[in-house]
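Protein chains: 2
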Amino acid sequence: MSLPNATKEDVKDAKHLATDTTKASGNPESNQPSVLPSTPDVNAVEDLADLLDGPFKERKEALRELINDPFLLPRVEGTLDEIRADNLEKVKIVAENGRIQESFSPLNGGQGQVSAGVSSLELLAQVNNSTCIKSGVQFGLWGGAIDALGTERHIEFAKGAMDLSKLGCFAMTEMGHGSNVQQLETTATYDPETQEFVINSPTPGSKKAYIGNAARDGRWAAVFAQLYTPDSDESKGVHCIIVRIREEDGTDAPGVTTSDHGHKGGLLGVDNGMITFDHVRVPRENLLNRFADVAEDGTYSSSIDSMNRRFFTMLGTLVRGRLGVGASAAGATRAGLALAVKYANIRRQFEAGDPGQEERLIDYRQHRRRLLIPLAKSYALAMFQNNLLERFQEYTDAVNAGEWDPANPTEQQSFASRETETLAAFFKSATATHANETLQECREACGGAGYMSENLLTTFRADVDIFTTFEGDDTILRQLVGKNLLTAYGKEMSEMSPFGMAKYVVSNIGDFLTRRSGIAASVQSISDRVAGTGSLFDAETQLRVVQSREEHVLNSLVRRVQVARKMDRKDAAKVINRAQDHLLETAIAYGDRMLVQSMIDAEDRLPENSPARQVFEQLRHLFALETIVKNADWYQEHGVLPAGRVKAAKAAVNDLVDSLAPWSEVLVDAFKIPQVVLDRPMMVNGGTDLS
Amino acid sequence: MSLPNATKEDVKDAKHLATDTTKASGNPESNQPSVLPSTPDVNAVEDLADLLDGPFKERKEALRELINDPFLLPRVEGTLDEIRADNLEKVKIVAENGRIQESFSPLNGGQGQVSAGVSSLELLAQVNNSTCIKSGVQFGLWGGAIDALGTERHIEFAKGAMDLSKLGCFAMTEMGHGSNVQQLETTATYDPETQEFVINSPTPGSKKAYIGNAARDGRWAAVFAQLYTPDSDESKGVHCIIVRIREEDGTDAPGVTTSDHGHKGGLLGVDNGMITFDHVRVPRENLLNRFADVAEDGTYSSSIDSMNRRFFTMLGTLVRGRLGVGASAAGATRAGLALAVKYANIRRQFEAGDPGQEERLIDYRQHRRRLLIPLAKSYALAMFQNNLLERFQEYTDAVNAGEWDPANPTEQQSFASRETETLAAFFKSATATHANETLQECREACGGAGYMSENLLTTFRADVDIFTTFEGDDTILRQLVGKNLLTAYGKEMSEMSPFGMAKYVVSNIGDFLTRRSGIAASVQSISDRVAGTGSLFDAETQLRVVQSREEHVLNSLVRRVQVARKMDRKDAAKVINRAQDHLLETAIAYGDRMLVQSMIDAEDRLPENSPARQVFEQLRHLFALETIVKNADWYQEHGVLPAGRVKAAKAAVNDLVDSLAPWSEVLVDAFKIPQVVLDRPMMVNGGTDLS
Ligand SMILES: Cc1cc2nc3c(=O)[nH]c(=O)nc-3n(C[C@H](O)[C@H](O)[C@H](O)COP(=O)(O)OP(=O)(O)OC[C@H]3O[C@@H](n4cnc5c(N)ncnc54)[C@H](O)[C@@H]3O)c2cc1C
Ligand SMILES: Cc1cc2nc3c(=O)[nH]c(=O)nc-3n(C[C@H](O)[C@H](O)[C@H](O)COP(=O)(O)OP(=O)(O)OC[C@H]3O[C@@H](n4cnc5c(N)ncnc54)[C@H](O)[C@@H]3O)c2cc1C
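Protein sequences appear in the order of chains A and B. For the first sequence, position 151 matches number 150 in numbering that gives the first Met the number 0, and the numbering has no gaps at all. For the second sequence, position 202 matches number 201 in numbering that gives the first Met the number 0, and the numbering has no gaps at all.
Hints are computed from structural coordinates only; laboratory data are not their basis. Treat the hints loosely; a few may be bogus.
No distinction is drawn between identical chains; accordingly, a pair holds when it is met within one copy or between any pair of copies.
Under the rule of at most 25 Å between Cα atoms (straight-line distance), these lysine to aspartate or glutamate pairs were calculated in the DMTMM-like manner [unchecked claim]:
| no. | residue 1 | residue 2 |
| --- | --- | --- |
| 1 | Lys235 | Asp404 |
| 2 | Lys569 | Glu357 |
| 3 | Lys235 | Glu539 |
| 4 | Lys565 | Glu247 |
| 5 | Lys629 | Glu440 |
| 6 | Lys502 | Glu350 |
| 7 | Lys629 | Asp580 |
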């Protein structure tokens, strides 16, 4: 595929690019990319789309047909009950389509295809996040809990979750405990006489809260509760039990009181509610007993000895949920970017160079920055997502093939699980934050039109708001990432109380760096050598620069935390707390490196010399250099990059958005957002020449 | 007022503070503040409240009684029509109270009190932003246009705006032109035969769009249109004319077609709609003729010769609107901060130092950072707002006393007007951006509870979203600030087309810096001397550091733009466009300096040695140092601060949030948010020990 010849204009622009970066740096950056042709090559769209879809292309294409349906668009007007009823109808369409259920394990009649769940949610989020999340609750959380924690004896529940004959909830969070799941207060006490569990809410704080499907549609719930058996007064830890919460006619089941959170900041189609249990009795078999069971006589048994490990094995279900939420956040963001970028290409405002013709918004430097920088990040997250999904699929395949026992993993498998958990925590928190920032930027970039619900951006933004909180609050997830890094994936997160953290922190991150997986990760500490060598446009240099930061930040965190080892609990907690911002920074630096690496990796998968590869290369530069610029402060403070190179990176970011701007529609067309979403009123009446 | 004695704990903490900052800097920062006592002194609340209310205390106290009314809380459920009808009832309460109308000029029966309008909106925004904005449209925009642009012959309209007998719109924006007001397409053509103006929408793009009160309640509109008189085919420029848009029974007036934008991303109580005019005839007298008139025979006259100056004099009305929107954004933000800070003081999650007792959210380092840093900025903006309002009041007094003729200002008055315009543009854009960022942070800091509409945060956030766009888009306003600085307030913004900008850019900013007003602004370029001297805890040093950045950034912008002077239009436009991000940065650097200066200033107004002053001093440090840290990258790149000092500033920010955390409720109590707003369900059920 050959590129169109560059015009004179391009050549002039190219010179500008070269000059700006070299002049500014005083330290010539060789290898700078030439400016892209000002006429984009639409052939690039398909190559980029293939790269984005990755191994999931076929599935996604099939799903795209399903979701390109005006009926699926979000409803914002009407009573809450109307909006929720309408959303339930939409979830039925998803169920009837039958693809999302392929994520269930073969035991339950599924195909064990992670991407069936995750990609479905990602695509639904491009059209309607209420439908996406209600589907996520039904198939991924309620169904997912049964699928992951249940056994043969729960197949009927799994099937009911899959075909919607059993609408259910995932009832983990309580009024008093959201992030701190280990201290849930709901109790499940075994009564050997009747061979039942008694489910109870002993305190006001133990009321299940914010539970999806609980206010209206749910008939069942997978309830997380402290398990008590007759042999001891101590809890066996948090376990999951199926409880009927409503009769089929919708009235509360005996002993159960449900209530409604009512209107929320978004996701109006999802009926979140509270559930209180007053000594509700359920059969012994309702315990999801894959990892632990209670015999008829009340004897407790578990294939996992450590109570902590048991807890975190059960919570493993959350990892898939985090992939789903992250993918949804990414999907909604891409839809928003497509809308804002397309609007920027038709909307004109103010004359500048050309009297009599106003400029398009995309012609403005600031508009290019505000849209293309997040667009590059969306690509980076997409590349990372594909890698992570493949990795999770391998794990799932191994489990389903009996090669990997989650209850008794090998040491290597434990390490890999904790790494996956870490990657998923990073992914969910990064995409949720990115979604909120980007959708807001997209709204503002569309001016007044962006605020009209008919143009979808505000609904998307309001819906994804809570993505930063549920399935693990972003701040908590970043701490989880940081803690896992600190201990080199050596311990379960459970032992990661502030106090435990100090105890298990690795003494040398070298070991860890050699062990961790990942591509092209050179492990020596190279930061000292970064400054002098390599053009900032070299992939290797880019990676080394972000990696040097990752290592530095982690190393200095280790140093800070280590001093707490010999302290008493109170003082240690103080030291750890004072390092909390540093801990979060560590997680972000780790993520930055992963994303740059994913972009570099992905580039190789595009046909050599193709327009797609050329444009993608610039996107990779933009993402990598912006990542460096974002931390320019740190790079200078630590003597990793001198002022001149920082300046060069900043100039390059500007040159890159200028170069990429004419290709902006190509970049969002590759997202393949459904046409019903793109057919917004502002695309018709948003230009300036409306005559 | 004496401070409680420091506990041992405090002393230990204080040492930590001292050590951290000096050790980190390698360049001892003398003068570091000692840690505040860990038990806050609630006596500080009143002093801080007085400082915040400033000269407007009495008025605000009176208004606070009015707004502490549960009926005023936002309604989020119901049909749009119900929500709008309900909001109209709320606006009636505001009208009946009678305070907001005191902002009108004495001619119309008001008192010319700027703060009557601005403070009313600020306080309404703490309770209900739909009511705030609908009041703003009615009294500030529709009423304000008549008050500012009309004459004796429009008194009945002004009175109708004030007593709600004439509900009206401010119809400026069109589908095709929002930010670029000068190119509006609606026409007002004078017909001498009937002595009427013919109002017409000649193109689809000329349809008035997003107009508040236009979808339902408005009966009248102040319509901005290109004025044509028989003597010429050329427009006399944009003028404002009163047009009836609906009959009293609500049907469209002859020739007028109104329509409804329907559901929006927020402000559901405000009925935004579109208006199209098909040769609608209105009496000659409906022209708001303060600055220009058309005689019966069609002769055009104006007290302002230059068409550009005429346009910008008429747009002067927008300055007051920007004060109003800015103050509203600030009010909503303070309410959000009060909610999140109070929640953080009761909500507990995770055990740390203390087994058996979970920590309060406010005990966590990250939680302190995420709430206290924006809180400090809210204080800075509040101090700035008071200064700006006083300044605008002086201007208004001078105009009403006949000492200042807006049509024929002295050279000094012109300069002052442009400075005020610049300050208002900065203020509106800064508060709107701050409101969105902060309310989102507050929502997330309250976890799941933050997403429930009953806790108000999401409604506030959705409502203020559009504050970044209306009354001047933030990106456009920052450009206006930058352009005004570039030309040293020397030219009207009208000539600030990209091309004109290059032409009028000052050649030496020295002149400008000496001329601009403001307190304690030392004018020499002092950046070179910043690095070595002065503790970062000295107010003077803080000011010099931020000022050095302001000057540097402006200077380098001048250099970049100057080269365009001799270019042709197309090339000049390119150069200007390539400097756009720099232009925006200039505006922000200018604002940063103004805010730091306002904080330093305000500190002196607090009683010496009072607890209020001690806590405020730390708030000032926090704001100033965070402003420096935010730009740490720049300070290092330009050799203004060495790495060691940047590090010290970062450590100090952390120490300051730790020191201020126990005082966090004192700081928000001083906002005097109405109790109805603070009485949220999460304040009752949000703790962990709910038994
Ligand atoms: C719309 C919606 C749907 C939901 N659906 C479900 C569902 O179906 N099933 C279910 O079980 N749950 C559900 N949830 C609950 C959700 O998972 C919780 O809200 C979430 O886990 C956070 O818990 P929390 O609200 O108690 O916040 P908290 O844990 O109280 O956290 C509040 C804030 O404090 C901060 N914080 C807490 N601890 C620390 C610390 N150690 N250091 C620093 N900062 C800290 C957090 O970052 C957060 O910002 C839903 C929630 C919502 C809003
Ligand atoms: C709820 C609501 C209420 C409103 N009420 C009223 C009212 O009562 N009366 C009234 O007259 N109007 C009203 N408006 C209109 C409002 O003032 C306009 O939406 C606003 O001025 C922006 O204009 P626009 O929407 O056309 O955006 P545009 O001007 O098209 O701008 C769109 C985007 O492009 C960017 N952009 C534009 N030009 C440039 C440039 N040169 N460089 C870089 N970026 C640029 C902007 O930053 C913005 O992000 C209201 C709008 C809303 C949404």
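Here's how the hints hold up against the structure:
1. For a Cα distance limit of 25 Å, the shortest separation of Lys235 from Asp404 inside one copy, 21 Å, qualifies, whereas the shortest one across copies, 81 Å, does not.
2. For the identical chains of this complex, Lys569 and Glu357 are inter-copy neighbours only, at 13 Å across copies versus 64 Å inside a copy, given an alpha-carbon limit of 25 Å.
3. With identical chains, the CA atoms of Lys235 and Glu539 are never at most 25 Å apart, being 50 Å at best within one copy and 61 Å at best between copies.
4. Proximity of Lys565 and Glu247 under a CA criterion of 25 Å is satisfied in neither setting, with 58 Å inside one chain copy and 80 Å between copies.
5. In this homomeric assembly, Lys629 and Glu440 come within 25 Å of each other (Cα to Cα) both inside a single copy, at 17 Å, and across copies, at 20 Å.
6. For a Cα distance limit of 25 Å, the shortest separation of Lys502 from Glu350 across copies, 16 Å, qualifies, whereas the shortest one inside one copy, 64 Å, does not.
7. For a Cα distance limit of 25 Å, the shortest separation of Lys629 from Asp580 qualifies both inside one copy, at 17 Å, and across copies, at 15 Å.
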